[in-house]
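Peer 1: Working from the sequences, and respecting the hints, build out all of it.
2 protein chains.
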Amino acid sequence: MSASVLPLDLTAGSVALTAALCDIESVSGNETPLADAIMEALAGAAHLELTRDGDTIVALTNLGRAQRVIIAGHLDTVPVKENLPTHVEKDSLGDDWLWGRGTVDMKAGVAVQLTLAAALTHPAYDITWIWYDHEEVDASQNGLGRLAVNHPEFFVGDFAILGEPSNSSVEGGCNGTIRVDVTARGVRAHSARSWVGENAIHRLAPALAVLSAYQPRSVDVDGLVYREGLNAVGISGGVATNVVPDEATLHVNYRFAPSRSADDAIEHVRELFADFDVQVVDRSEGARPGLTSPIAQHFVAAVGAVPTPKYGWTDVARFSAMGIPAVNFGPGDATLAHADDERVAVSQIIECESALRKWLVGE
Amino acid sequence: MSASVLPLDLTAGSVALTAALCDIESVSGNETPLADAIMEALAGAAHLELTRDGDTIVALTNLGRAQRVIIAGHLDTVPVKENLPTHVEKDSLGDDWLWGRGTVDMKAGVAVQLTLAAALTHPAYDITWIWYDHEEVDASQNGLGRLAVNHPEFFVGDFAILGEPSNSSVEGGCNGTIRVDVTARGVRAHSARSWVGENAIHRLAPALAVLSAYQPRSVDVDGLVYREGLNAVGISGGVATNVVPDEATLHVNYRFAPSRSADDAIEHVRELFADFDVQVVDRSEGARPGLTSPIAQHFVAAVGAVPTPKYGWTDVARFSAMGIPAVNFGPGDATLAHADDERVAVSQIIECESALRKWLVGE
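As you go down the protein sequences, you meet chains A and B in turn. Using our numbering, read the first sequence as starting at 1 and increasing by one per residue. Using our numbering, read the second sequence as starting at 1 and increasing by one per residue.
Source of the hints: derived by calculation from the structure; they are not laboratory data. All values derive from a computational prediction rather than experimental measurement. Heads up, some of the hints might be wrong.
A pair holds if it fits inside one copy or across any two, identical chains being indistinguishable in the list.
[To be verified] Here are the simulated EDC-like cross-link-like pairs (lysine to aspartate or glutamate), alpha carbons at most 20 angstroms apart as the crow flies:
hint, residue 1, residue 2
1, Lys90, Asp263
2, Lys358, Asp222
3, Lys81, Glu247
4, Lys90, Glu49
5, Lys90, Glu267
6, Lys81, Asp23
7, Lys81, Asp246
8, Lys358, Asp220
9, Lys358, Asp53
10, Lys358, Asp96
11, Lys358, Glu49
12, Lys81, Glu198
13, Lys81, Asp341
14, Lys90, Asp340
Peer 2: Below, the structure written as structure tokens:
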């Protein structure tokens with residue numbers, strides 16, 4: 001066990017475990033204490049074969065079942081915003097909510113998974129549990145991506161479930177995402193004689209106008225409607241307080257329906273910003289819903305809710321690209337992910353655990 | 001003498017001295033080695049009474065002359081951009097130029113002043129020479145402003161000359177300058193579900209449109225025409241690469257004719273950005289031309305060129321506010337100040353020294 005954190009009790013129930021997981025701060029890059037605590041907590045489980053790769057943990061059952069399910073979740077969160085430690089509050093309807101960074105994205109999902117990983121010694125499917133690092137940052141750092149390179153043997157299965165927040169219902173596939181830098185250039189000059197320069201920040205005006213006027217599409221893919229989004233996630237420029245700057249950059253994130261490839265998405269953004277230098281910083285393909293296979297349909301029936309589309313990019317796309325049908329299924333309202341008032345309904349954690357348990361034991 | 005720099009030779013001539021002053025890097029905040037070297041070089045001048053205040057140096061003659069002239073220049077530069085050490089190049093006409101950071105703004109002017117301060121043991125006017133720190137940054141840090149508080153006795157005189165670049169002709173007064181932060185606010189959200197947030201960067205679009213469409217005025221003040229400018233000098237915003245940001249800020253610099261007060265300038269900018277939160281960061285009044293007094297007219301006649309307006313804000317405004325008529329007079333083309341290709345015509349350094357010497361010895 002890490003000296004710095006309390007031991008985790010995987011029999012405490014998913015709700016208490018969610019709070020315990022959140023209270024071990026694990027902003028991307030700082031997952032080690034949490035991964036240490038999970039390794040320690042799972043060490044006694046004889047039915048699980050453990051592997052660690054950096055701060056990614058794999059726990060495998062090998063029961064010789066006919067089918068194998070991969071169930072995964074990430075350990076990291078976006079930066080804390082004075083919203084830790086967690087606390088429970090009742091809303092105006094008398095329902096309990098667990099507040100704090102990570103409660104939605106996605107430690108409630110991880111808590112459900114860890115609880116079931118420890119408890120289900122004889123599931124109906126063999127299970128490959130994966131908890132990984134660096135999901136909330138650049139795709140190149142993603143722990144699941146690294147694991148796929150270092151341990152491709154773990155990416156064999158008939159179906160994959162990612163515990164990303166989906167209000168404990170099934171969300172199919174995901175939007176793709178790209179990030180580009182849109183740069184305007186000008187001519188540097190003293191701001192007292194600005195007419196001899198060309199202001200690169202002013203030249204970003206039409207790019208901001210494009211963003212501000214943009215009408216994102218909603219696209220039907222295999223029966224689910226995916227909503228897109230085009231957003232500036234950063235802007236920067238400026239040399240000194242008395243200098244007309246010669247460069248200014250807009251950092252743009254485009255989330256696109258899985259009917260469009262990342263290449264097509266890049267082409268679309270290049271057309272929108274045709275007058276600017278556009279550099280691609282990050283790209284991740286989307287994933288189609290993945291609900292057509294029999295095992296997927298059986299899972300959906302067991303959970304008992306109408307599947308909806310996943311808007312955010314999630315690592316289901318990695319499974320999808322490897323030919324493994326994959327869905328998102330986890331507690332929490334994704335619109336509260338990353339928000340200062342991030343919070344999860346306690347009832348959703350319980351529902352999610354119950355539905356997943358029911359399906360995994362073959363009821 | 002500072003251990004880290006070569007001693008300065010004030011008899012080497014203004015051109016060689018300009019190169020030597022530039023090659024002692026003195027970006028705002030790092031003036032100490034240069035100020036040390038100047039103190040050391042002036043230490044032997046029996047006709048000068050030296051005072052040091054931080055990195056500001058005052059050298060005074062006390063010859064009992066009927067009139068006193070204040071002659072000042074700043075020691076700091078904007079950041080170096082791979083343009084040091086200095087070097088001399090011929091242009092296509094065969095004329096020599098000294099290239100490098102500070103050559104124009106304003107070490108050529110300081111070199112002329114130091115040369116004459118050391119050489120003129122019996123000038124026709126008593127002279128208060130001032131070389132000061134922190135001119136290129138926020139007005140609150142300005143060394144001349146600090147000196148006026150710590151040593152008001154040095155701000156007594158009949159006329160003031162600031163050696164800011166004016167192509168070795170007389171530039172009267174200066175534009176005023178204000179800086180404001182223009183902030184847009186929104187609602188933070190995950191960029192995968194951007195429709196639940198409000199993008200603060202997108203909301204800056206109309207502010208950039210205002211800047212990009214703005215037509216600056218040209219204003220006649222006491223016979224000189226002042227050209228204004230409104231520029232973004234910085235822009236910032238962004239929380240993380242997958243977050244719709246809730247705040248974005250445009251840093252705006254407005255340079256205004258001396259017929260307008262800083263209060264009026266602020267009012268004008270508030271009107272332009274009425275839909276935004278506008279915070280004033282920095283404000284400096286302009287200065288009217290200051291060419292009406294007999295001593296100013298005598299100086300202009302001695303220099304022998306038609307006065308023109310100064311566009312940039314300079315510390316002549318401080319003298320002007322204290323009731324001391326003041327002009328800018330120094331070598332160098334101000335449009336090359338702060339530029340990557342900053343360079344001064346060698347002939348202008350010589351002209352400037354010659355004209356100033358002629359007037360100071362009473363020819």
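Peer 1: Since the copies are identical, ignore which copy is meant and state whether Lys358 and Asp96 lie within 20 angstroms (CA to CA) inside a copy, between copies, both or neither.
Peer 2: Classified as neither; 24 angstroms inside a copy, 87 angstroms across copies.
Peer 1: Is it within a copy, between copies, both, or neither that the alpha carbon of Lys358 lies no farther than 20 angstroms from that of Asp53?
Peer 2: neither (30 angstroms within a copy, 79 angstroms between copies)
Peer 1: Within a copy, between copies, both or neither: which one fits Lys90 and Glu267 at a CA-CA cutoff of 20 angstroms?
Peer 2: For Lys90 and Glu267, neither the intra-copy (48 angstroms) nor the inter-copy (48 angstroms) Cα distance is at most 20 angstroms.
Peer 1: Within a copy, between copies, both or neither: which one fits Lys90 and Glu49 at a CA-CA cutoff of 20 angstroms?
Peer 2: For Lys90 and Glu49, the Cα distance exceeds 20 angstroms both inside one copy (40 angstroms) and across copies (76 angstroms).
Peer 1: Can you give me the call for Lys358 and Asp222, within, between, both or neither, at a CA distance of at most 20 angstroms?
Peer 2: neither (27 angstroms within a copy, 88 angstroms between copies)
Peer 1: Is it within a copy, between copies, both, or neither that the alpha carbon of Lys81 lies no farther than 20 angstroms from that of Asp341?
Peer 2: Answer is within: at 9 angstroms inside a copy they meet the 20 angstroms cutoff, but 45 angstroms across does not.
Peer 1: I want to check one pair: Lys81 and Glu198. Are their C-alpha atoms no more than 20 angstroms apart within a copy, between two copies, both, or neither?
Peer 2: between (38 angstroms within a copy, 18 angstroms between copies)
Peer 1: Is it within, between, both, or neither for Lys90 and Asp263, if the alpha carbons may be no more than 20 angstroms apart?
Peer 2: neither (46 angstroms within a copy, 51 angstroms between copies)
Peer 1: Is it within, between, both, or neither for Lys81 and Asp246, if the alpha carbons may be no more than 20 angstroms apart?
Peer 2: Classified as between; 13 angstroms across copies, 34 angstroms inside a copy.
Peer 1: Under a CA distance limit of 20 angstroms, which applies to Lys358 and Asp220: within one copy, between copies, both, or neither?
Peer 2: Neither: 31 angstroms inside a copy, 84 angstroms across copies.
Peer 1: Reference check for the pair Lys81 and Glu247, CA-CA at most 20 angstroms: within, between, both, or neither?
Peer 2: between (31 angstroms within a copy, 15 angstroms between copies)
Peer 1: Measure nothing new, just compare the shortest in-copy and cross-copy C-alpha distances for Lys81 and Asp23 to 20 angstroms and report within, between, both or neither.
Peer 2: within (13 angstroms within a copy, 47 angstroms between copies)
Of the numbered hints listed earlier, those contradicted by the structure are 1, 2, 4, 5, 8, 9, 10, 11.
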